[in-house]
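Q: If you read the sequences in order, they're chains A and B. Just so we're aligned: the first sequence equals residues 1 to 430 in the numbering used here. Just so we're aligned: the second sequence equals residues 1 to 430 in the numbering used here.
Mixed in with the good hints, there may be bad ones.
Each computed SDA-like pair below joins lysine to any residue, with the alpha-carbon atoms no more than 20 Å apart [stated by the list, open to error]: (1) K73/A with S78/B; (2) K191/B with R29/A; (3) K191/A with R26/B; (4) K191/B with D186/A; (5) K73/B with R29/A; (6) K191/A with H74/B; (7) K187/A with K191/B.
Beyond 10 Å from chain A on every Cβ pair, some chain B residues (computed) [stated by the list, open to error]: (8) D59; (9) R72; (10) G82; (11) D192; (12) G247; (13) P298; (14) A308; (15) E348.
With the Cβ distance kept under 10 Å, some of the chain A side facing chain B (calculated, not the full set) [as the list claims (entries may be wrong)]: (16) T36; (17) L58; (18) G61; (19) P66; (20) Q99; (21) Q103; (22) D105; (23) R152; (24) V188; (25) K191.
Calculated from the structure, these hints are not laboratory results. Just so it is clear, CB atoms sit at the ideal spot from N, CA and C, and this is done for glycine as well.
Number of protein chains: 2
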Amino acid sequence: MSERHYPARPHVVVIGAGFGGTRVIRALRDADVRITLVDRNNFHTFQPLLYQVATAGLDVGDVTFPVRTLLRKHRDASFLMGTVTAIDLSAKTVTVDGQSPLQYDFLVVAAGSVSASFGVPGVDEYALPLKDAEDAIRLRNRLIGGLERASRAVGAGEPSPELGLVVVGGGPTGVETAGGMRELLDKVLSKDYPELALQGLPITVVEAGPRLLGAFDPQSSASAVTALARRGIEVRLDAAVDHVEPGAVVLRDGTRVPAGIVVWAAGVAASPLASMLGTELERGRVKVQGNLSLPQHPEVFAIGDIAAVPGPNGAPLPQVAQPAIQAGRHVATEIMAAIAGGPSASFEYVDKGSMATIGRNQAVVEFPNGRRFHGWVGWVLWLGLHILYLMGFRNRASTLVNWSWNYLTYDRGARVLARTAIDDVPGHHS
Amino acid sequence: MSERHYPARPHVVVIGAGFGGTRVIRALRDADVRITLVDRNNFHTFQPLLYQVATAGLDVGDVTFPVRTLLRKHRDASFLMGTVTAIDLSAKTVTVDGQSPLQYDFLVVAAGSVSASFGVPGVDEYALPLKDAEDAIRLRNRLIGGLERASRAVGAGEPSPELGLVVVGGGPTGVETAGGMRELLDKVLSKDYPELALQGLPITVVEAGPRLLGAFDPQSSASAVTALARRGIEVRLDAAVDHVEPGAVVLRDGTRVPAGIVVWAAGVAASPLASMLGTELERGRVKVQGNLSLPQHPEVFAIGDIAAVPGPNGAPLPQVAQPAIQAGRHVATEIMAAIAGGPSASFEYVDKGSMATIGRNQAVVEFPNGRRFHGWVGWVLWLGLHILYLMGFRNRASTLVNWSWNYLTYDRGARVLARTAIDDVPGHHS
């Protein structure tokens with residue numbers, strides 16, 4: 001790499017306040033740089049716990065964290081709320097909401113991923129994703145709203161609308177949502193709506209592949225199927241979805257699975273922002289070099305869900321938190337090295353294991369050394385590690401209160417139908 | 001009163017899940033009645049703390065409580081989510097959202113009050129009320145959204161939009177909102193938005209009457225003015241609002257007070273549901289007899305903000321929690337007496353005092369025996385009494401966590417811009 005010269009206090013623009021973007025910023029705390037963080041939300045979302053918000057175990061405030069608090073720790077960091085509308089790699093500018101372009105010295109693209117329908121008809125119209133805080137509240141409201149409507153219908157002597165739940169996708173989000181919904185329905189809502197006989201309401205997990213939790217060890221997959229079955233959750237493997245229609249998911253083999261609510265947790269695709277760069281993509285994800293920079297652009301990095309970083313087995317790293325966090329730390333080091341004129345290093349991913357919970361007292365946790373914990377021990381590990389990773393003390397304390405309460409009482413406090421006005425939010429384009 | 005006969009397990013319909021309606025239901029726990037609660041929300045709102053949600057001290061979940069949990073304690077109680085569209089006192093029916101009418105044996109009208117503009121031009125268009133959970137989130141979002149926009153403008157070298165805050169109404173809500181906003185701006189947001197110089201941002205309380213906290217002792221009013229002034233909050237007394245326009249409140253004397261946000265806390269009016277009854281009203285409130293029943297309709301009661309109950313000095317009781325709670329308890333006793341064929345009794349209101357907080361370490365609390373507490377002691381009393389009255393353990397514990405955190409760190413966790421979908425909420429007509 002040729003020797004480059006950067007201005008005093010170079011300007012680092014970070015796109016995205018997810019696990020990757022926030023980690024870059026944290027790791028640059030002592031660097032002599034000016035930072036601008038751009039995101040369409042003014043908060044970081046702890047995505048692994050969104051399903052808890054959807055199943056009324058936690059409030060949105062417990063899994064979100066104001067980004068400006070994070071920036072306070074830097075001498076010279078600012079936040080720009082809005083949507084990136086253009087990136088010019090040769091002019092080194094980023095445009096937000098069509099306004100005057102930001103000039104950068106370093107750019108970190110950490111815009112994450114979006115829920116992907118993979119072209120399956122009816123998904124956008126009739127299924128609900130679970131990718132951000134808004135999705136989680138919408139899913140919760142759809143569930144509770146549907147039950148209120150059903151209660152009215154039954155009270156008026158009319159037949160109840162279809163209430164069964166289908167979760168498409170057998171990864172951690174799908175499994176955790178199905179398990180959380182079962183607990184919410186059986187332990188809490190069945191008491192709230194005695195007239196609806198919610199105990200044992202059909203919940204189905206539909207997975208196109210041959211097993212649940214495909215990224216885990218096959219033994220963990222089998223353990224998850226058993227745990228779900230014991231909770232009365234049907235699991236359909238090798239079941240590709242043909243289309244979603246009002247009231248049902250129709251499988252390729254013609255089976256029609258009735259559904260009042262369809263949760264679409266079948267996968268994600270890189271943010272469409274990837275194509276703004278004009279560089280080579282791999283399945284929509286930005287191709288990066290060994291040190292996570294773009295070819296011909298040593299000052300531009302892509303990390304997290306939006307980047308295609310080859311893993312140990314050659315396939316890109318999974319689109320979960322750990323690769324983004326580790327890449328964020330690496331990129332901060334690269335930026336500091338570039339400024340100091342030091343050498344560049346390749347990114348080495350360290351597998352820290354995987355985990356997923358199926359509900360009360362039941363989780364699978366896998367450590368990279370091959371140790372696996374299922375059942376109660378796994379669940380306690382899962383709880384502890386999630387609380388540890390939740391950003392900020394307040395969220396931790398409040399989450400602990402809510403979880404202890406839920407565990408001891410089988411209750412969920414957060415099941416009010418929130419009706420929030422979305423006016424006055426700048427840069428809201430969805 | 002003539003002897004009446006009620007069916008076995010008479011049907012009690014309660015309209016409104018506020019302080020009055022929920023108290024009627026609680027007090028009927030051991031009565032052999034069938035209960036139907038009707039409300040357009042599926043939660044009870046602890047209105048005295050809404051200003052805390054608006055000023056990002058608490059989450060909505062901390063001040064709301066699912067009504068179905070309350071109803072679980074009854075053998076035969078159900079909830080109907082929707083808006084009352086008709087009441088027929090002679091047919092003894094209540095119609096919800098135009099659907100088939102509910103037949104009642106007893107009816108309790110506890111529909112509360114709504115924010116009233118009193119015909120002041122521009123209030124509906126340019127001012128924000130603070131009457132329900134939705135209002136509180138909207139106010140918080142408007143504030144944070146405005147700051148994000150101002151930050152963008154300043155970053156782009158443009159002039160900042162007007163950010164000053166005007167609170168119209170010098171009652172407890174107005175005073176508490178102004179005090180809470182000052183803390184939020186000075187201690188929290190000024191660090192989040194260093195570029196905006198929010199410390200000392202003008203906050204003005206505009207009151208049409210000659211003093212703040214008109215229902216309190218004049219010494220408490222004076223103490224409140226001093227405390228607000230010490231916090232840099234301007235108080236304008238004897239200042240009636242002529243109209244509200246974009247960017248300003250214009251007073252009757254022609255003074256134009258610039259305002260980025262106008263909070264309208266100038267007063268409330270009885271719910272328009274009062275006029276559905278077709279009985280005599282007093283300033284929009286339902287006139288009731290000594291035992292809180294309607295003339296000619298001993299089986300129909302009106303309580304709380306919607307009812308005009310003469311107080312000790314002849315004027316109707318104030319539209320706050322205590323009269324509603326006490327009336328709820330009384331009406332439950334009246335219903336049980338009527339079923340048992342026992343005598344009816346007049347409602348006796350017991351003044352339990354009043355309180356308002358101006359911010360950190362500062363509140364005024366008045367007990368009916370004339371004892372008054374200002375400053376820190378008042379503040380501790382205020383905290384304790386509010387936590388005591390917050391319904392449900394979960395809300396108490398979570399509120400305690402949030403408040404301790406805010407107190408110890410001067411931080412506010414709940415300042416994310418919530419973007420909640422409002423679809424799928426049945427009976428939502430606002």
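Q: Starting from the hint list further up, note which numbers the structure goes against and sort them upward.
A: As far as the earlier hints go, 1, 4, 5, 7, 8, 9, 10, 11, 21 and 22 are violated by this structure, in ascending order.
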